[in-house]
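Engineer: Chain B: place on chain F using the hints.
In order, the protein sequence lines correspond to chains F and B. Numbering-wise (this note's numbering), the first sequence opens with residue 1 and increments by one. Numbering-wise (this note's numbering), the second sequence opens with residue 1 and increments by one.
Incorrect hints may appear among the rest.
Here are some of the chain F residues that sit facing chain B, going by a computed Cβ distance under 10 angstroms [claimed, not checked]:
1. P40
2. S147
3. I188
4. Q213
5. P296
Here are the simulated BS3-like cross-link-like pairs (lysine-lysine), alpha carbons at most 30 angstroms apart as the crow flies [claimed, not checked]:
6. F/K423 with F/K458
7. F/K99 with B/K304
8. B/K423 with B/K455
9. F/K28 with B/K28
10. F/K304 with B/K455
11. B/K304 with F/K91
12. B/K99 with F/K304
13. F/K372 with F/K455
14. B/K416 with F/K372
15. F/K455 with F/K416
16. B/K28 with F/K304
17. B/K455 with B/K416
18. B/K372 with B/K458
19. B/K458 with F/K99
To be clear, the hints were calculated from the coordinates, so they are not data collected in a lab. Since the model is a prediction, treat every value here as computed from it, not as a measurement. For glycine and all other residues, C-beta sits at the position ideal for the given N, C-alpha and C.
Protein chains: 2
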Amino acid sequence: MSVPYVGISVRGARGAADLVAAVEREVKSGRIAAGCRLPPVRALEQQLGISKNTVLAAYDELVARGLLESREREGFFVSAREIIPRVAPWKEPPAARLKPPAPLPGRSTPGTLAISSVFIDADLLPRERLADCARSVLRNPGLEPFSDFQGYRPLREAIARRLQARGMDVHEGQVVTTTGSQQALDIIARSLDVRRASMESPVYPHARYLFEQHGLTLAGLPLDPFNGIDLADWEERLSTFRPGMVYAITSFQNPTGYSYTTSELVALLEMADRYGFALLEDDWGSDMLSGSEYRPSLRLLGGKNVIYVNSFTKKLLPSMRVGFLVASEDLIPSLVSAKRLSCLGHSWLSEATVAEFLDRGYYDSHLGALQKELDARYQACLAALSELMPEGVRWTTPGGGPTLWVDVPRSVDLGKLRQRCLKRNVLIEDASGAFLADRPLHGFRVSYAFAPAEKVRKGIQVIAEELWTR
Amino acid sequence: MSVPYVGISVRGARGAADLVAAVEREVKSGRIAAGCRLPPVRALEQQLGISKNTVLAAYDELVARGLLESREREGFFVSAREIIPRVAPWKEPPAARLKPPAPLPGRSTPGTLAISSVFIDADLLPRERLADCARSVLRNPGLEPFSDFQGYRPLREAIARRLQARGMDVHEGQVVTTTGSQQALDIIARSLDVRRASMESPVYPHARYLFEQHGLTLAGLPLDPFNGIDLADWEERLSTFRPGMVYAITSFQNPTGYSYTTSELVALLEMADRYGFALLEDDWGSDMLSGSEYRPSLRLLGGKNVIYVNSFTKKLLPSMRVGFLVASEDLIPSLVSAKRLSCLGHSWLSEATVAEFLDRGYYDSHLGALQKELDARYQACLAALSELMPEGVRWTTPGGGPTLWVDVPRSVDLGKLRQRCLKRNVLIEDASGAFLADRPLHGFRVSYAFAPAEKVRKGIQVIAEELWTR
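In isolation and in its complexed conformation, chain F is listed as follows (with noise of 0.2 angstroms):
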């Protein structure tokens, strides 16, 4: 006990916190040197009028953060922590080649209204509950060493019998967990064993990149969504093209906001038997259908060999990034092998967080009160897009999702027409991406779910008075 020790400024310290934090702050600003020797437990004890249990908890804290280290018989000392000098590199090797980035999209700034965006309002989601689940979890079982590469089997199986409870015979073993349904049509693009594929024109450009990324050659399929799919023109294209697959986005369709009539779902999968093509149905919309409309999916009317892709990702909270995809028995080792090789597993805490969200029922009722807010700002974007847009310009009606597509008469300068928008900050999303050749639409998303009514009536404003302006 003959170690000298160093005084230090904690006045005022009443917890074990507090402690903490001062010593924190007088190491870190160097005021006490490394090596130096701190009070004594019972000196602080006196000093500060807090019991010495607080002290050693403290002190302990400390030693875990690396700060202090404990010698026996002799205190707590500031520990010295070597720092290596920056190196210059001794001999630079050339630089990786590297692909050019595709041309995604960026994210809008602060202060901008990103009209286009096809994320649900944040005040919407359920931040607060899934806290709760995430805090539950973290008690109750603790965190999890590692991650099932499959997916979280408690999640495995809410997500079955939420799709069985809308008709599909689905179970647990068909389902593998992914990073938002991104990566679900990353896994299944990386597994996929043909060369050429379809998908509509215009498509979430997402996709479209990531299959060509892979190597794919796609061929568009085109969706007018004021007329609906013409079945004989699809018809012609998939018999000539021949591809292995086609990726369709059956319900508020990315960008248009187009649903499948159940009898272009049938024709769908009579061509797909005529022609041997898989199916591949990205499903992100249905949960977000008006009250309880009931709607059929590829999956559905097309059983297990359909290839089916969801996500939480919208309507739970983006940054949670739990989505899942669904496949026969067959094709699970592949995939699942394929979502190994791309990143062994997710985190266990996120799935987790999900699956008690999904446990506790909190999702349908949390669905439900979405559904009715976005319901009145569906309206009141209708209302204001006949109120303020000019002649000529036309927009769908998808009655869910959170997006509509505004077409524009071809006379107008799309780029120019964003430009002076984004001057005015409002951000219309480039969706030049999204067509594979034909270019049956002219005009851009318009979201109705990102920000509320008078802000998107502002928006639609913006956008109104640039067209006028032409």
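Structural biologist: Here is chain B on its own, set in the frame of chain F:
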């Protein structure tokens, strides 16, 4: 208030949680049918002797869980959820054609000792401190709605600071977070605009399969950990094959446990310069250095053009799935674009939890304690090998990392040895996927980190006995 209500069996419920559980049980068992009214709040208040607010809190939670509906001026009712019967498929389309799964090893079954595991005993990992950090970020700042595409900025900053302390010139803008280092490799492999790559043989098989899946042609650089790198042989191979990139695991190489010497690192940098290939360094092991030992890396000696990959996966908790890559600014747009196409972004909660863990300074303290235990296990493993292994068996002495390589005489049939050991509940991982063409070795990985020393000793004893009796 005239609607009749059902009696429910909630005897003994003292708090809101009890009441929620009791009503949930009654509803899910079907004992209370949809549409039934629950007892009025006042009735339960009197029946159970708990406060009105407690009953209301329980009813509100049950509404959030979708089990009850609240009807104004009428009370709480069991909600009627429509269950759609499962539908038989209308028309089955063809199944998708997928590539066969890569021959990845499975997970060991309970009761089996995974003697080749590269993972660290979960009992040595800071599960409680990580849970603390997760709870802390759930409170403050609370769940963020969106993930940063490049990775949570405070985490990227903490990573950059750690690398700076090791002498590397790195800033947060050069860091991209990933789902473990596996996804870092995936993002790099899918971005590469080169056709050929070289890597050590044997090598981490997941990396080999990954590069192959992305269409790269690979050539091996034979690595004999007992004799070091044959630089003349490597130079001949590299000057002939002319890869666009060389992938190197420079510390505690997986699976051999070999660490490059400084002169080998320098020689590789010189060859990169001479033959124009880029370098990808997988530094998974250097956080598992014993004591205060210091070891340079390719990134340190070669500067920013060396792409660098590392992870917290093994050292913190595999299920957190937090890894990262570091590359020069020029390459970041392509790499972030590839990350967005593969998964958009990561679980914010996992990233923020690890950032908090680093920020509190827990990581170095944890590594210090971990390494002390691993050193003891390593010594015990070496002692067991010396004592038990028959003549002609040799092993590497990595001095760090979780595993070493045991090499047996060529006359040993490794497949049969694996089978005989598995019958005795010792799982030796098949290393054949680790070799590209050349096979400088004949053996398998032995872990001293995955299980306590006495278990590892028993596993070694089983292997030794099966080797004796061949």
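Engineer: Each hint should be assessed against the structure and marked as holding or not.
Structural biologist: Each hint tested on the structure:
A cut of 10 angstroms between beta carbons decides the hint on F/P40: the least distance to chain B is about 22 angstroms, and the hint is violated. The beta carbon of F/S147 is positioned within 10 angstroms of a beta carbon in chain B (closest approach about 5 angstroms), and the interface hint is therefore held. A cut of 10 angstroms between beta carbons decides the hint on F/I188: the least distance to chain B is about 8 angstroms, and the hint holds. Using the Cβ-Cβ criterion of 10 angstroms, the hint placing F/Q213 at the interface with chain B is satisfied: the shortest such distance is roughly 6 angstroms.
Interface restraint check: F/P296 against chain B, minimum CB-CB distance 8 angstroms, threshold 10 angstroms, status holds. A distance of roughly 14 angstroms separates the Cα atoms of F/K423 and F/K458; the hinted pair therefore holds under the 30 angstroms criterion. Between F/K99 and B/K304 the CA atoms are separated by roughly 19 angstroms; this keeps the pair inside 30 angstroms, and the hint holds. With a C-alpha separation of about 16 angstroms, the suggested pairing of B/K423 with B/K455 holds against the 30 angstroms cut-off.
Straight-line distance between C-alpha atoms of F/K28 and B/K28 comes to about 56 angstroms, which puts the hinted pair past the 30 angstroms bound. The hinted pair formed by F/K304 and B/K455 fails the criterion: a straight-line CA distance of about 45 angstroms is larger than 30 angstroms. A distance of roughly 10 angstroms separates the Cα atoms of B/K304 and F/K91; the hinted pair therefore holds under the 30 angstroms criterion. The suggested pairing of B/K99 with F/K304 holds, with an alpha-carbon distance near 19 angstroms, which does not exceed 30 angstroms.
With a CA separation close to 18 angstroms, the supplied pair F/K372 and F/K455 stays within the 30 angstroms bound. Under the criterion of a C-alpha separation no larger than 30 angstroms, the hint pairing B/K416 with F/K372 is inconsistent with the structure, at around 64 angstroms. A distance of roughly 22 angstroms separates the Cα atoms of F/K455 and F/K416; the hinted pair therefore holds under the 30 angstroms criterion. The straight-line distance between the Cα atoms of B/K28 and F/K304 is roughly 29 angstroms, inside the 30 angstroms bound, and the hint therefore holds.
About 22 angstroms separates the Cα atoms of B/K455 and B/K416, which keeps this hinted pair within 30 angstroms; it holds. Straight-line distance between C-alpha atoms of B/K372 and B/K458 comes to about 22 angstroms, which keeps the hinted pair within the 30 angstroms bound. A C-alpha spacing of about 50 angstroms is found between B/K458 and F/K99, which places the hinted pair above 30 angstroms, so the restraint is violated.
Checked against the numbered hints given earlier, the structure breaks hints 1, 9, 10, 14 and 19 and satisfies all the rest.
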